[in-house]
Structure formats: C-alpha cells, structure tokens
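Protein sequence lines, in the order shown, are assigned to chains A and B.
If you read the first sequence in UniProt numbering, its first letter stands for residue 1, the second for the next number, and so on.
If you read the second sequence in UniProt numbering, its first letter stands for residue 1, the second for the next number, and so on.
It should be emphasised that the hints constitute simulated quantities derived from the structure, not laboratory data.
Possibly wrong hints are sitting among the right ones.
Said to hold, decoys possible - Straight-line C-alpha distance at most 25 Å; calculated DMTMM-like pairs for lysine to aspartate or glutamate:
| no. | chain 1 | residue 1 | chain 2 | residue 2 |
| --- | --- | --- | --- | --- |
| 1 | B | 197 | B | 321 |
| 2 | B | 98 | A | 181 |
| 3 | B | 298 | A | 178 |
| 4 | B | 98 | A | 178 |
| 5 | B | 239 | B | 156 |
| 6 | B | 289 | A | 66 |
| 7 | B | 87 | B | 206 |
| 8 | B | 188 | B | 329 |
| 9 | B | 79 | A | 181 |
| 10 | B | 295 | A | 66 |
| 11 | B | 188 | B | 206 |
| 12 | B | 159 | B | 329 |
| 13 | B | 175 | B | 329 |
| 14 | B | 289 | A | 47 |
| 15 | B | 289 | A | 56 |
| 16 | B | 295 | A | 56 |
| 17 | B | 79 | A | 66 |
| 18 | B | 197 | B | 183 |
| 19 | B | 295 | A | 47 |
| 20 | B | 87 | B | 306 |
| 21 | B | 79 | B | 95 |
| 22 | B | 87 | B | 97 |
Source: prediction; values computed, not measured.
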Amino acid sequence: MISTETRPAPTSTARWHVAVLVGGFALLAAVAVVSIGIGAQAVPPMDVLRALVAPDGSANQLIVLEVRAPRALLAIGVGAALGVAGVLIQTLSRNALAEPGILGVSTGAGFAMTIGAALGGVASPAAELLVATLGAAGATLLVYAVGRTAPLRLVLTGVALSAVLSGISLGLRLMSPDVFDKYRFWSVGSLAGREQAPLLVPMLAIGLALVGALLLSRSLNAAALGEAVARTLGANIARVRLATLVLITVLAGAATAVAGPILFVGLIVPHVARRLARGSVPWLTGYALVLGPLLMLLADIGSRVLLPTGEVPVAIVTGFLGGPMLIWAVRKYGAGSL
Amino acid sequence: MFTRRSARFGGALLLAIAVAATGCGTSESQDTEGETRVFAADNGEITIPADPQRVVATGYAVPALIEADAPLVGISTWKRGLPMMTKQDRARYDELEKVAGEQATETNYEAIAGADPDLIVIGVPQPVLGDIDVERLESIAPVVAIGPTVPSAWRENTKKQADAAGALAKFDETKSEYEGKAEELAGKYEDVLPDLKLAHVGSYGEVDSGNFQREFNDSWGTNVANDIGANYYGEVKEKGGGSQDVSEYPSIEELPSAFAEADAITYSVEADGTPPPAVQYVLDSELWKDLPAVKADKAFPIPLTEAATYRQAMQALDALDESLAPLLEK
Chain A
1 MISTETRPAP TSTARWHVAV LVGGFALLAA VAVVSIGIGA QAVPPMDVLR
51 ALVAPDGSAN QLIVLEVRAP RALLAIGVGA ALGVAGVLIQ TLSRNALAEP
101 GILGVSTGAG FAMTIGAALG GVASPAAELL VATLGAAGAT LLVYAVGRTA
151 PLRLVLTGVA LSAVLSGISL GLRLMSPDVF DKYRFWSVGS LAGREQAPLL
201 VPMLAIGLAL VGALLLSRSL NAAALGEAVA RTLGANIARV RLATLVLITV
251 LAGAATAVAG PILFVGLIVP HVARRLARGS VPWLTGYALV LGPLLMLLAD
301 IGSRVLLPTG EVPVAIVTGF LGGPMLIWAV RKYGAGSL
Chain B
1 MFTRRSARFG GALLLAIAVA ATGCGTSESQ DTEGETRVFA ADNGEITIPA
51 DPQRVVATGY AVPALIEADA PLVGISTWKR GLPMMTKQDR ARYDELEKVA
101 GEQATETNYE AIAGADPDLI VIGVPQPVLG DIDVERLESI APVVAIGPTV
151 PSAWRENTKK QADAAGALAK FDETKSEYEG KAEELAGKYE DVLPDLKLAH
201 VGSYGEVDSG NFQREFNDSW GTNVANDIGA NYYGEVKEKG GGSQDVSEYP
251 SIEELPSAFA EADAITYSVE ADGTPPPAVQ YVLDSELWKD LPAVKADKAF
301 PIPLTEAATY RQAMQALDAL DESLAPLLEK
C-alpha cells in the first residue's frame, strides 16, 4: 500500500530534499550531454561541445543540433510526463500497480491510430500526433464519464475499455495488412526519427501539465489519505480528482502521441521516487520530475548502444530495465514499500 | 434416423462431390495429360506440362505473365503494379479471375482449384513461400515457385516465369525492345553518367523511424539506371543475402558520411512524383540540405523504381530520361 504519512517537513528535511533534487538535476544534465554525444555516427566530444556553445554549421554539429539534441529534449519531456503521470495515477487510485495506461490512454491512442491508418489519415508525423492525442483524450473522457464516482471504478472502467479497444484494433489490423504495417511502427514506442515532428505544442502541453501537477500535489497529499479523511481536512475531492485526471490525460496522452506507447516508466519511477520522498506527494512529484527523464535518457542511450547491428526502440529497453528494477525494489524494500 | 451405413454413404457422396468440384477427378486429369518436361524452380525440379494451357499466376509472376501473353486463367491481385500497366495489360488484369490477394497468406485455394489450372506459377520471395500451402496447390496442378532474390534479378525471373508458362516468344520481343531503348539512352548519357559517383535514397522494405534506405548498384531504385551507364558507388557494410546485398538502412546521422562523395543523388518517388514518407523524412532533414550534391542542385527524383518486368522497365527508362535530363544541360 502507498505510504500516506504526512508530517511537517523540518527545515533540515527540506534542505535534504533540495540538495538531492539539485544533485538529481545535475546528474540529469550530465546524462543529457552524454546522450547527445552518443549515436550511430562518431562525433568527437569537442565537436559536441562546440555544437552546444558555438555552432558553426558543420555536418557533425548539424547531427548534434538537428538530430540528437531534439531527441534528448524529447526523452526528457516524455520521461517527465510519464513519471509524473505515474505518481498522479498511483496516488489518486491508491494502487501501487497503477500506471498511466490503466486509464485507457495508450489503448485509446493506439485505437485511434488504427482507425486513422484504416481511413488513410495518418500520412504525416503531424497527423499521427493529432490522431493519437484525440484517441488518448477520447478514451480518458469515456473512462471518466463512466467511472468518475470512485477511483476503483475508474481503474476498472479503464481496464475494461482498454480490453474492448484492443480487441477492435487487433481485429482491424488482422483484416488489413496495410493498417497492420502502419500501426506496428508506431506501436513500439521510440524516440528515433521524431526530430521533424511538430513537437512544440505537445512539449508545451507537457510543460504546463507538469507545473499543474506540482501545484496540485499539496491537494493530492490530502486525497492520498482517503476520501473521508480528505473531506474532513476540507479538500474538494471531486475537483482534485477531475484535475488529476485531466493532468494524467495531458501528460500520458502527449507522451504517447509523440513517442508511442512506452510502458514501465510510469510504473517504476513513482516506486523509486517514493523511497526518497518519505511520504510527501509534492516531493514525490519533484523526484519523479527528475527520475523519469533520467530513466528515459539512460534507456535511450541503451537503445543506441546495446546492439552492434543498430538501434532498438526505447520501449523495449524500458521494458528490460523496468522489469528487473521493479523486482529489485520489491526484494529490497518488501512489497509493503509499494 | 441416421444409421452408420447411411452416414458412410453420405460421406462417400460428399467426397465424390468435392473431388469433382476441385477438378481432381481421374477423367479430367486424363484430358489435360500431354507432353511434360522437368523445370528447375525455387521449390525443386518440377514436372510441368510442356505446353500449359491454363495457368494461374501469383505475386511477381502476375505482371510478367500478363505481359508475356501467357494463357492465364487466374491471378492474385497486384495493386502495386497497376500504375505501371499499359491500358491493354490493365484490361487483361481486370478481366482475369482473382484467386489470391496481395499477401501470400491471402491465397484462395478453392478459387484456384475452381480455375482448373494445369500449371501454377508462384512469384513470391523464398521466405514468403512458407505462408503458402504448396502441397495443397500441388494437389491441384504442378507448382513452380520463381520468386525475387536481388532486385535486379527480375530479368532472369520473368524469363523463367514466361518459360514455364510457355510464353517466351512475346517475352523475348519485349526484352529486345527494352534492350534497344536502354542502349539508346546509354548513348545519350555516355558523356555524363559513367563519370558520376551516384547515390540513391530508396523507400523499399522496412525503413525504421530515424533511418533511411541507401541503395547501391542492382537494387530497386538503381538497376534500370545501371542499364544506361549509371554507377552507384560503394557497397553495403555487411551483406545479408537477397536485397540486403545491395541496400542497407543506416541511421539518418550517417547521411552526411554516406553521401559525402556523391556527385549526384537520386531518390525514389511514387508514380505521381510524391516522395514516400521514408524518403520525405530524408528530404526534410537539415542533413540532406547540407549535402554537397544537394547544394549543387544535383538531386533527382526517380519514379517507377519498383519496375520488375521489361515493359515496366521501359517506362522506368522514360522516367529516368526525364529526371536526369538536367545532367545533359550542365
């Protein structure tokens, strides 16, 4: 069960959190630079640094600025979105096994992509983004409309809708090889080849939603104590729940739209962050903000260097990393820590 | 009430009807029996009619045998080849019964049996052959599998397909026409093409996100151009058999190093001139715009790169001539 203990943070505890977070951001910056330095084409480290501080337009610097830097930024955005969305859904549902996709976000996006491919409407990266976003939002709206009265009902509705949409999508893909072809590239989440997609709007949406999550985190502290206690503390549970769902939809929907379905990040990041946050949802959100991008950048580096034959999609690497990490967390801290 | 005897009788009746319906009855096979010969195909040494009269074709064999005026009675659909069919060939394609879909898995065995062929020519790559129940087809008629290997091998494959179907006369006529045209264009471009180091961006196969397809000599986008003297320099890093011997899928990061030496670059486009998504991704990249050949305005779109018969290749020659014409002006 999720720890819901809240206590006033002494100044020393706050300082400790700040120090850890600053260290985390420094580590994140270092890993981002490493990520920009690694790729299929060997680029000397000095060229990488020159590209970042004084670009002169050489081919190597174009690779750094036009391909790798946008990809690293995308990894940071997607990692933060999925990590924080994971914190929100686990706190809201008080379910340690909940992850953003449980509300039907990924399945909704995938369903929309399948329909879009069948109708010939996903011919460009911009169209893919739009279709996936609409699907994610539509599925979450439906889940909310049916299950808004209780967190458990929400989760169950999400699982049920996901099953239905998956079934229909699978049927359509099996009937049409062309649709299957288009879908399979999208269905394995990847950060490769996204640098030309119109990422500004989804990244802005993620940024705003992350700010919203930080602002909402104090109210979620009360919600995490349970509905009755939260009401006693004066929290407007219905409003908090609605705001949280909107944020989860925006974060997970935008991340899925730009990178495809990426599992485990939204599940594992809250567990690792929880060890550091010591029961505080605001700090938990802050740590997820660092750990999500860190995990995603490491996975993305892994996706480029693991195989000598070429790149593997990042979603496969997060699966490889996420599974053992979850088992490690359970073995080290016990299932109770979840 | 059914008895065991009546059930046995019913079963025998059903079997007889099924055998008659699939054309496998003894009397029919006697009708179509004649001279035979042994034919070397991908699936082994096959005994086929020396002069087949009712041929079913699938996959790459469809356009080849339509062009060769083979005695077809059924074909698979072949949508990818429609833009390159002449009006006459298209009319023939439309009127022929479709006994299979675009994919090997969409083979309609009952429809093939219903067409009552004396020869079945399967034109799919060897790995895809596993998706077809060849034994079941062999129970209908002799089956020869002649599928593509390297992209440029369509020349030999179409000849074998036409030979199996007893339609070599028309095939040879079209082949001569193509060779004459290619020779003419080779002469037209002899002062420019052979001296150029060319590179090609393709769109065939599975181009993953963040990658591009580079094609060398004898690949889809290059093999017809090779016939007029074009030379696509370099070779794949590691040969993987079939088309992987002549094309590879590097990361977009490798675009500058891959094409640094290219004097001119060609790239595949659809029949209407639209670049496919995998090619458009490369064209939109800043790395592409920075390539010496692109800066020198020597990047040329090439349509009809999927030509896989001599008549289609003649259209590809016309398209090449149109695309490469600026080379003669500079």
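Flag every earlier hint the structure violates by its number, smallest first. Hints 3, 7, 11, 12, 13, 17 contradicted; others consistent.
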